[in-house]
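Residue numbers (the numbering used here), protein chains in the order written: chain A, 4 to 338; chain B, 4 to 338.
Do not take every clue at face value.
Treat identical chains as interchangeable: a pair holds within one or across any two.
[Claimed, not checked] As a list, the in silico DSS-like pairs of lysine-lysine whose alpha-carbon atoms are at most 27 Å apart:
no., residue 1, residue 2
1, K16, K235
2, K173, K39
3, K249, K39
4, K301, K249
These aren't lab readings, by the way, just hints derived from the structure by calculation.
For reference, the chains in residue letters:
2 protein chains.
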Amino acid sequence: MSTAGNIEAKLAKNGQLIDLYINDVLKISYPEPLYKAARHLLDAGGKRLRPSFVLESSVLVGGEPRRTIPLAAAVELLHNFTLIHDDIMDNDDLRRSVPTVHRLFGVPIAIASGDLLFAKVYEALSDWVRQNNPTSGKMAFLLDCLNSAAISICEGQVLDISFESSMEIKESDYYRMIEGKTAALFKASTEIGGAAGGADARETAALGQYGLSAGMAFQLFDDYLGATADEKVLGKPVGSDLREGKMTLIVVHALDHASSQEREKLVRALGNQHLSRTDITEIGELYISLGSLSYTLKRADEYVQKAKQCLKEFPDCEAKQNLLELVDFFVTRKY
Amino acid sequence: MSTAGNIEAKLAKNGQLIDLYINDVLKISYPEPLYKAARHLLDAGGKRLRPSFVLESSVLVGGEPRRTIPLAAAVELLHNFTLIHDDIMDNDDLRRSVPTVHRLFGVPIAIASGDLLFAKVYEALSDWVRQNNPTSGKMAFLLDCLNSAAISICEGQVLDISFESSMEIKESDYYRMIEGKTAALFKASTEIGGAAGGADARETAALGQYGLSAGMAFQLFDDYLGATADEKVLGKPVGSDLREGKMTLIVVHALDHASSQEREKLVRALGNQHLSRTDITEIGELYISLGSLSYTLKRADEYVQKAKQCLKEFPDCEAKQNLLELVDFFVTRKY
Numbered sequence: 004m005s006t007a008g009n010i011e012a013k014l015a016k017n018g019q020l021i022d023l024y025i026n027d028v029l030k031i032s033y034p035e036p037l038y039k040a041a042r043h044l045l046d047a048g049g050k051r052l053r054p055s056f057v058l059e060s061s062v063l064v065g066g067e068p069r070r071t072i073p074l075a076a077a078v079e080l081l082h083n084f085t086l087i088h089d090d091i092m093d094n095d096d097l098r099r100s101v102p103t104v105h106r107l108f109g110v111p112i113a114i115a116s117g118d119l120l121f122a123k124v125y126e127a128l129s130d131w132v133r134q135n136n137p138t139s140g141k142m143a144f145l146l147d148c149l150n151s152a153a154i155s156i157c158e159g160q161v162l163d164i165s166f167e168s169s170m171e172i173k174e175s176d177y178y179r180m181i182e183g184k185t186a187a188l189f190k191a192s193t194e195i196g197g198a199a200g201g202a203d204a205r206e207t208a209a210l211g212q213y214g215l216s217a218g219m220a221f222q223l224f225d226d227y228l229g230a231t232a233d234e235k236v237l238g239k240p241v242g243s244d245l246r247e248g249k250m251t252l253i254v255v256h257a258l259d260h261a262s263s264q265e266r267e268k269l270v271r272a273l274g275n276q277h278l279s280r281t282d283i284t285e286i287g288e289l290y291i292s293l294g295s296l297s298y299t300l301k302r303a304d305e306y307v308q309k310a311k312q313c314l315k316e317f318p319d320c321e322a323k324q325n326l327l328e329l330v331d332f333f334v335t336r337k338y
Numbered sequence: 004m005s006t007a008g009n010i011e012a013k014l015a016k017n018g019q020l021i022d023l024y025i026n027d028v029l030k031i032s033y034p035e036p037l038y039k040a041a042r043h044l045l046d047a048g049g050k051r052l053r054p055s056f057v058l059e060s061s062v063l064v065g066g067e068p069r070r071t072i073p074l075a076a077a078v079e080l081l082h083n084f085t086l087i088h089d090d091i092m093d094n095d096d097l098r099r100s101v102p103t104v105h106r107l108f109g110v111p112i113a114i115a116s117g118d119l120l121f122a123k124v125y126e127a128l129s130d131w132v133r134q135n136n137p138t139s140g141k142m143a144f145l146l147d148c149l150n151s152a153a154i155s156i157c158e159g160q161v162l163d164i165s166f167e168s169s170m171e172i173k174e175s176d177y178y179r180m181i182e183g184k185t186a187a188l189f190k191a192s193t194e195i196g197g198a199a200g201g202a203d204a205r206e207t208a209a210l211g212q213y214g215l216s217a218g219m220a221f222q223l224f225d226d227y228l229g230a231t232a233d234e235k236v237l238g239k240p241v242g243s244d245l246r247e248g249k250m251t252l253i254v255v256h257a258l259d260h261a262s263s264q265e266r267e268k269l270v271r272a273l274g275n276q277h278l279s280r281t282d283i284t285e286i287g288e289l290y291i292s293l294g295s296l297s298y299t300l301k302r303a304d305e306y307v308q309k310a311k312q313c314l315k316e317f318p319d320c321e322a323k324q325n326l327l328e329l330v331d332f333f334v335t336r337k338y
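Next up, chain A with everything else stripped away, as it sits in the complex (with noise of 0.2 Å):
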């Protein structure tokens, strides 16, 4: 296997082409506070993972890249939208270390700039129509993958936070919630990569199911990284997952082994605001001997190796290398 830092290297190069489709079709307008809220946590970095998915798989079928770039920024637009609409209702201060976009422009503003962004989705997905002539069947499709990420989105987050009040959360919960929240966004990805691509109904389910793994893979390990990464690295103060409730993995693992002593100390940890550095300390600890962190990457761990195997009828050539690298990656990156 290569190094990290090819596929890192590769990632930021396909951020370059991507972001200089985002800036042209989100350039500032009037009134300017809304262009600047949409604008905000784009300029404030990102990884650009979800178009490097579309990107890939489309090359993986025999796509041209440059042609798929307004698909790929779409996905990285919803994603945006997601995520402000995300920080309104869990009441978040930071993310990619800057203050979120309703504590610097308000929450009505933060909510304006979600849409603004959601409709720039589809926007994009106009030019690449206007460019492409797909057929009215290709067509819908391409619509209903951005529609149906959206809705699991939606149905993902407020699960989310339906959890928060739960002590009672199965681990099947969990990942219905988190094939919702995130995991169905890197299906449409791929999926959306391999039709613009010109993949048949069987690549492009195959590709579908690579990034749903890959996407759960994905969430377990941010999971984990919550949970033990520095603030530098989360963008976010550490234990903020803890103070929130976020019903993680590890908390579902952790809750189901604990012993009542130890069960009443993570259900007052959970979602209380004022805990400690030390009591963060603790419950990190407590995490660990219970192997519920370590329990929290052998999933992470199953669902890379399901994605792999997704991608083993396609021939190999430099995007499926691209794309066994990427899920690995998922699962090492420190950030």
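Please build the complex by placing chain B on the supplied structure of chain A, with the hints as guidance.
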């Protein structure tokens, strides 16, 4: 001219067709609170004016109304999505005589339910594409109509909010704001109906101009109702616009024509949450004495005439008669 009863019966009949489709595309699903929130305002009423614009415009150019239903539903879904988010931004408690979505379900679910409706807009479009196999050009045009309207609404809403804190709004600023907030979606509705029904570019443009002017008349009369109608008609408390400091043409005109003493009184009242009934009545009397209400009605009527002019080149038929009556209804309605 025929009686208002005719057009109201037509609206009700079109509305039933649309609601059947919306009920199907927006079935209560999991998680239930998300879907119940998304349905809340749709179930509470509404005149379904925009879908009737789509259907009648389509019929005017020879389209089959039955085939246009998904597009007519799409604009109603778009409208309702913006209502949910606008009510959060404006911190409104009541709409259509029921509590607003965020009052009933909380802000997080309200945001997500608006986003869900927005995704359903494009799901309805995808339905229509599958049923009608349009060319990619028509497809892109319809996408652009929906996207531009959504973007204009975001822009208009942000202007509306920003105008609340300013007493220096010019009449031209006001028109720009309501063109975005309200008229753009009426324009999109008639353009979409025209394009779906088979209109050529010139006919589509004329229909779009009709929709735009009709939408301006609608909003001007809405402002008039907001200053003069009672609670039962408004579906929200009397004086809401005044208490929120909403910038209407009535206010712009009054500020422009008031003596310095009257101006001071009005400035004190605007945005004052604690206005009494007497205060509101006094401001109403000021509007009358300054001619601000009649000026607003006059401008609304000018837009009505402008809208009707746009239909001049279309042959006389029932759909044309309906569109003419619709715009009359806009400025004579009691609710």
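Going through the hints against the structure:
Proximity of K16 and K235 under a CA criterion of 27 Å is satisfied intra-copy only: 24 Å inside one chain copy versus 59 Å between copies. In this homomeric assembly, K173 and K39 come within 27 Å of each other (Cα to Cα) only across copies, at 24 Å, whereas the closest approach inside a single copy is 41 Å. For the identical chains of this complex, K249 and K39 are inter-copy neighbours only, at 24 Å across copies versus 30 Å inside a copy, given an alpha-carbon limit of 27 Å. Proximity of K301 and K249 under a CA criterion of 27 Å is satisfied intra-copy only: 20 Å inside one chain copy versus 56 Å between copies.
Against the hints set out earlier in the document, no violation occurs for any number.
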